[in-house]
Amino acid sequence: MKSKAVTTLICSVIFASNVAAQTTSNDPYENFNRQMYDFNNSVDTYVAAPLSNGYKFIAPQFVQTGVFNFFTNLKSFNVVLNDVLQAKFSQSAADFGRLTLNSTAGLGGFFDVAKHVGLEQNDEDFDQTLAVWGIPQGSYLVLPFSGPSTVRGVPASAFDAAANPASYASIPAYYISAPVQFMSGLNARANAEGALKFINEAAMDKYVFTRESFLQWRKNLENDGKISASLDDDFMAEEKSSNLKWRDDYQQFQIAAQSFGSVAQKFDLAAQNYEQANSKIAQLKPLKVKR
Amino acid sequence: MRLKKLAVVVFSLSSLFATSVFSQEESATARQIIDKFQTDLITVMKDGKKLGYTGRYEKLDVAVSNSHDLPKIARIVVGKEWEKLTEEQQKKLTDLFSRLSIASYAHNFKEFDGEAFAIDSEEETKLGGVVIHSHLDLPDDKPVKFDYMLKEKGASWRIINIIANGVSDLALKRSEYTAILQRDGFDALIAKINEKIDLYAKQ
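Sequence lines, in order, name chains A and B. For the first sequence, this note's numbering begins at 6 and goes up steadily by one. For the second sequence, this note's numbering begins at 512 and goes up steadily by one.
Okay, chain A solo, but in the shape it has when bound:
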């Protein structure tokens, strides 16, 4: 039942992404998005910013840092899960170690002790996992209250929220988890202050600036920070002809297919390793009995 639901989810994302890909821009819903962007700005100005300022006034810096660490640590569950889904097995081991260390020695994640032993925080989520599986990003979307996303990012965020322990923070669920989530939001807004100030100063068109920064940042996460030098040469050429565009789409399709195949091969390899390990253990058992 669950696998059917996941398949349906993935198919719907692919369909939606393909529909979006038929348009020339990555932002075919710009009119709607701009309205949502303005709406979010108003919410931020009149609600989020005053609350965030109050929070910063009340909470000392070490509390803000502690709260940030706490939620980052809870998110580590998602990171480990998505490491595995992307077949990054060695990274998943490091992230699991980080989660364990911060949850214990770090007093439930309030202190980031793992950083001091060289275990840096990796950034993985289900949107990146879908990208590794070859599902296109789809169009840019601005959602009310939550801000920039994409057609692929919306269901991915729902998956991440469902997998995040913060969503189930309490047994008497609502009365504890709601304030916890509220505090998480306040903390996130307080941390975003510098970015918002920079956008206000630097952007010629704040909507376009935010969109491009967001899409490029997501693309960079998908690529694990690797950039392709050849991509930059595209700037030296003017608009590509439609033939070249089709060639690019075909190449992207091939890359996606190879990427998906590569992940499948890694899973297959891991399964073989487990199988070999099992057979070795089985061979050792009779020896123990003899002793």
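I should point out that these hints are in silico values taken from the structure, not numbers from a laboratory. Since the model is a prediction, treat every value here as computed from it, not as a measurement. Some clues are possibly wrong.
Here are the computed lysine to aspartate or glutamate pairs in the DMTMM-like style, where the Cα-Cα straight-line distance is at most 25 Å [as the list claims (entries may be wrong)]:
#1 A:Lys211 to B:Glu592
#2 A:Lys224 to A:Glu125
#3 A:Lys211 to B:Glu706
#4 B:Lys653 to A:Glu198
#5 B:Lys707 to B:Glu633
Chain B residues, not near chain A, derived (Cβ > 12 Å throughout) [said to hold, decoys possible]:
#6 Ile553
#7 Thr554
#8 Asp558
#9 Lys603
#10 Asn619
#11 Ile630
#12 Asp695
Even for Gly, the Cβ is constructed at its ideal location relative to N, Cα and C.
For this one, chain A is given, so just place chain B on it according to the hints.
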């Protein structure tokens, strides 16, 4: 969390345009250009408060002009719209774009808190460019990756694009400038650029 990361990236982008007095070294390699540029930028940051905005602008004017191909960048950021501009408009855009680039450096790199640049590696692109991979170490945060794309100009090299933590400054500007040009026209774009230059000078 996402916005915080975006903040680091966006902050990094501001590092883009700065430094370097290289006029006497016409045959500098791409790596030397970047090394000099980053060294000069740190020097200006260290003296930032003493220099003031005007002092930083004057020092960075030379440094940026000798490390960046600002006329080419100005042409690329408006894309196909460049051909539709008159010669006078092209000249005006190039001049103002250069001033804005230097002003944004002078505004954003005004103090020093122990930051340090380091070059990691370099690679050639298919069309004869060079990408210098480097990073900026921050005292209380993760390092920021800086990838500089350079093209040969005469006997030397010049920066065409800077990619900070995966966000391309050229792509960002190109989207903004073409959007404003197509929607509001040339005069509106010029007004916006002037507005930003004034804003940087005041703060």
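request  = Run the C-beta distances from aspartate 558 (chain B) to all of chain A and say if the shortest one exceeds 12 Å.
outcome  = Correct as stated: the minimum Cβ-Cβ distance to chain A is 22 Å, above 12 Å.
Beyond 12 Å from every chain A Cβ - status for isoleucine 553 (chain B) = Nearest chain A Cβ is 20 Å from isoleucine 553 (chain B), so the label holds.
query = Going straight from one Cα to the other, do lysine 211 (chain A) and glutamate 706 (chain B) come out at no more than 25 Å?
reply = holds, 14 Å
key: Satisfaction of hint between glutamate 592 (chain B) and lysine 211 (chain A), Cα-Cα up to 25 Å   = holds, 21 Å
request  = Run the C-beta distances from threonine 554 (chain B) to all of chain A and say if the shortest one exceeds 12 Å.
outcome  = At roughly 23 Å from the nearest Cβ of chain A, threonine 554 (chain B) sits farther out than 12 Å, so the non-interface label holds.
message = Please verify whether lysine 653 (chain B) and glutamate 198 (chain A) have alpha carbons no more than 25 Å apart.
response = holds, 18 Å
ask   = Since aspartate 695 (chain B) was said not to touch the interface, does its Cβ keep a gap of more than 12 Å from each Cβ of chain A?
value = violated, 9 Å
Assertion that lysine 603 (chain B) lies farther than 12 Å from chain A (Cβ) = The assertion about lysine 603 (chain B) holds, with a minimum of 16 Å to chain A.
query = Does the claim that asparagine 619 (chain B) lies off the interface hold, with its Cβ farther than 12 Å from every Cβ of chain A?
reply = violated, 8 Å
message = According to the definition I'm using, a residue is off the interface if its beta carbon is farther than 12 Å from all beta carbons of the partner; does isoleucine 630 (chain B) meet that for chain A?
response = Since the minimum Cβ distance to chain A is about 15 Å, isoleucine 630 (chain B) lies beyond 12 Å and the statement holds.
query = Straight-line Cα separation of lysine 224 (chain A) and glutamate 125 (chain A) no greater than 25 Å?
reply = holds, 21 Å
query = Does lysine 707 (chain B) pair with glutamate 633 (chain B) here, judged by a C-alpha cut-off of 25 Å?
reply = Since the Cα atoms of lysine 707 (chain B) and glutamate 633 (chain B) sit roughly 33 Å apart, the hinted pair is violated (cutoff 25 Å).
Consistency with the previously given hints fails for numbers 5, 10, 12, ordered from lowest to highest.
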